[in-house]
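Asks: Protein chains in written order, with numbering that gives the first Met the number 0: chain A, 0 to 318; chain B, 0 to 318.
One or more of the hints may lead you astray.
One copy or any two copies: either way a pair holds, since identical chains are not told apart in the list.
Straight-line alpha carbon distances no greater than 30 Å define the calculated DSS-like cross-link-like pairs of lysine-lysine that follow [unchecked claim]:
no., residue 1, residue 2
1, Lys289, Lys66
2, Lys108, Lys309
3, Lys108, Lys287
4, Lys309, Lys233
If you're looking for bench data, these hints aren't it; they were derived computationally from the structure. None of the values given here were measured: they were computed from a predicted structure.
2 protein chains.
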Amino acid sequence: MYIPTFDDVKAAHARIMPYIHRTPVLTSSYFNSLAGAELFFKCENFQKASAFEVRGASNAVFGLDEKTAQKGVATHSSGNHALSLTYAAGCRGIPVTVVMPRTAPETKKAAVRGYGGTGVECEPSTSSREAVFAEVVAQSGADFVHPYNNHRVIAGQATCSKELIEDIGDLDAVVAPIGGGGMISGSCLTLSNIAQNTKIYAAEPVNADDACRSFKSGHIIADDAPETVADGLKVPLKELTWHFVSNHVEGILLATEQEIIDAMYLTWQRMKIVIEPSSAVPLATILKNKQLFVGKRVGVILTGGNGDLKNLPWMQKKH
Amino acid sequence: MYIPTFDDVKAAHARIMPYIHRTPVLTSSYFNSLAGAELFFKCENFQKASAFEVRGASNAVFGLDEKTAQKGVATHSSGNHALSLTYAAGCRGIPVTVVMPRTAPETKKAAVRGYGGTGVECEPSTSSREAVFAEVVAQSGADFVHPYNNHRVIAGQATCSKELIEDIGDLDAVVAPIGGGGMISGSCLTLSNIAQNTKIYAAEPVNADDACRSFKSGHIIADDAPETVADGLKVPLKELTWHFVSNHVEGILLATEQEIIDAMYLTWQRMKIVIEPSSAVPLATILKNKQLFVGKRVGVILTGGNGDLKNLPWMQKKH
Numbered sequence: 000m001y002i003p004t005f006d007d008v009k010a011a012h013a014r015i016m017p018y019i020h021r022t023p024v025l026t027s028s029y030f031n032s033l034a035g036a037e038l039f040f041k042c043e044n045f046q047k048a049s050a051f052e053v054r055g056a057s058n059a060v061f062g063l064d065e066k067t068a069q070k071g072v073a074t075h076s077s078g079n080h081a082l083s084l085t086y087a088a089g090c091r092g093i094p095v096t097v098v099m100p101r102t103a104p105e106t107k108k109a110a111v112r113g114y115g116g117t118g119v120e121c122e123p124s125t126s127s128r129e130a131v132f133a134e135v136v137a138q139s140g141a142d143f144v145h146p147y148n149n150h151r152v153i154a155g156q157a158t159c160s161k162e163l164i165e166d167i168g169d170l171d172a173v174v175a176p177i178g179g180g181g182m183i184s185g186s187c188l189t190l191s192n193i194a195q196n197t198k199i200y201a202a203e204p205v206n207a208d209d210a211c212r213s214f215k216s217g218h219i220i221a222d223d224a225p226e227t228v229a230d231g232l233k234v235p236l237k238e239l240t241w242h243f244v245s246n247h248v249e250g251i252l253l254a255t256e257q258e259i260i261d262a263m264y265l266t267w268q269r270m271k272i273v274i275e276p277s278s279a280v281p282l283a284t285i286l287k288n289k290q291l292f293v294g295k296r297v298g299v300i301l302t303g304g305n306g307d308l309k310n311l312p313w314m315q316k317k318h
Numbered sequence: 000m001y002i003p004t005f006d007d008v009k010a011a012h013a014r015i016m017p018y019i020h021r022t023p024v025l026t027s028s029y030f031n032s033l034a035g036a037e038l039f040f041k042c043e044n045f046q047k048a049s050a051f052e053v054r055g056a057s058n059a060v061f062g063l064d065e066k067t068a069q070k071g072v073a074t075h076s077s078g079n080h081a082l083s084l085t086y087a088a089g090c091r092g093i094p095v096t097v098v099m100p101r102t103a104p105e106t107k108k109a110a111v112r113g114y115g116g117t118g119v120e121c122e123p124s125t126s127s128r129e130a131v132f133a134e135v136v137a138q139s140g141a142d143f144v145h146p147y148n149n150h151r152v153i154a155g156q157a158t159c160s161k162e163l164i165e166d167i168g169d170l171d172a173v174v175a176p177i178g179g180g181g182m183i184s185g186s187c188l189t190l191s192n193i194a195q196n197t198k199i200y201a202a203e204p205v206n207a208d209d210a211c212r213s214f215k216s217g218h219i220i221a222d223d224a225p226e227t228v229a230d231g232l233k234v235p236l237k238e239l240t241w242h243f244v245s246n247h248v249e250g251i252l253l254a255t256e257q258e259i260i261d262a263m264y265l266t267w268q269r270m271k272i273v274i275e276p277s278s279a280v281p282l283a284t285i286l287k288n289k290q291l292f293v294g295k296r297v298g299v300i301l302t303g304g305n306g307d308l309k310n311l312p313w314m315q316k317k318h
């Protein structure tokens, strides 16, 4: 297992810069006063493909040598990583195949096609996904770009915290959502090198708290199909992300579904920006654990802005 | 009738700068490609009180001499102007009274109270509003700050286009929504002074096209209670705004309700920002009149971001 270094991050940043946005950092006097802290929101919802995952995907695609690249890339994911990989492959002009459950939202399938990717459907089970994916890779020789358990992907995600520190200066803490751990690992990689006094907190839904339980027990725990509105955060840690989480994370903070929805709503209402539920988990945990952050300068990673505008969580009766 | 000059705009800008945001200008490769033009979105949805009206209101409040100011300010409006005036009066620490129809949305009444204003309710008719308002002014001696037919307000709104040109440079055209004409008049005032080759287009809902008919007929036409989703644009032109519109506007472009809603939805979806329906009218008219803008550099004023996140127009069956 190759552990990426900060040199890899610098190389990644130079490599992907033409294909990504240097996203803005927004502040909100409302949220500062609510939290009693100075919050700096890194707006990856304004990123290409509307998600930070385009950083790692671009680094994975443009990090391949020419011969390997020509065989294309492939992944299995119906989320932001698939969209990001399709975008990056399109920038390089190489084929990309995405294996998606046939039950994935039509909007996500259409988005992959819209960026020029090939969608291949599988049944919504791990066994079907793996079988279909193996066939795709066997036939095409495509490079498998895992959504997060991949050193190029993590070095790419690490450019997000790099920009944040370069633009805002020292921070006492950074809070980012945790699902598979790609963004958190990237944050750990950067901050442990250039901002060693910055504490790194991961924010996770109570309903998908496998990373928190892993953190406490000292080994990876994976849940089968947890249910949360923060649908980007359902996946488990893997070896490479566990390395960063177990070595560099200060704590994993939890938020309930209602707290996540409330934080998301308040962000739209007060900051006038569209963020997806996963992006709201850090703010939810900050407002719930004010004592950790009061008086501090805190970076908050808003990871993405994809989601269905016609099906907003605060308009569903269930919550 | 005093016609404000560009010196008034410069004075206004210096006066209000501590109380407003210099809002960012965003671009979108998606919309550029859709329009075949280079669009620069001036994001007044990120303004204090989430609306450009805070510029004019702040200039009105801080332009008063101390003795007049102590008697407070008053207005009748249930919209962004009321909120903005309340915000500005709060910054100066003077009383503010807002006469609002008792049928105004509870969120708007609460927002005025939240900023420390006094709400006084009237019946939802012009006669009741005028009677109640006259009583408020008679009792308090408050200065009446009309939402747009006021030279200080227009000089304040004019700072928006001033920032746009300062930040982005020359533009071939600027498109802004037109209701009472405050923002358009401010744009005319600035651009006719510092960017005389920039054409100024007003964008109006078909359902509230009184400004368009006024423009064509050469005199003010006022409609009684037009119905449009762009609820900030229902009010008629007045003498002062008519002066600017009739002298400096190149054309008034119309958009249907569905076109406005589509442009609003697309802005949220693609730019990941929350704008109110009125803000979407310019984009709707640009996409409908591409021949006017193709290949051009076009400023688009996104006037505000207030609205009910629980009642979005694309989720209503009627449209």
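Asks: Using 30 Å as the alpha carbon limit, work out where Lys309 and Lys233 are close: within a copy, between copies, both or neither.
Replies: both (22 Å within a copy, 27 Å between copies)
Asks: Given identical chains, is Lys289 near Lys66, meaning Cα to Cα at most 30 Å, within a copy, between copies, both, or neither?
Replies: Neither: 52 Å inside a chain and 43 Å across chains, both beyond 30 Å.
Asks: At most 30 Å between C-alpha atoms: does Lys108 with Lys287 qualify within a copy, between copies, both, or neither?
Replies: between (36 Å within a copy, 29 Å between copies)
Asks: Since the copies are identical, ignore which copy is meant and state whether Lys108 and Lys309 lie within 30 Å (CA to CA) inside a copy, between copies, both or neither.
Replies: both (17 Å within a copy, 27 Å between copies)
The earlier numbered hint that this structure contradicts is number 1, and it is the only one.
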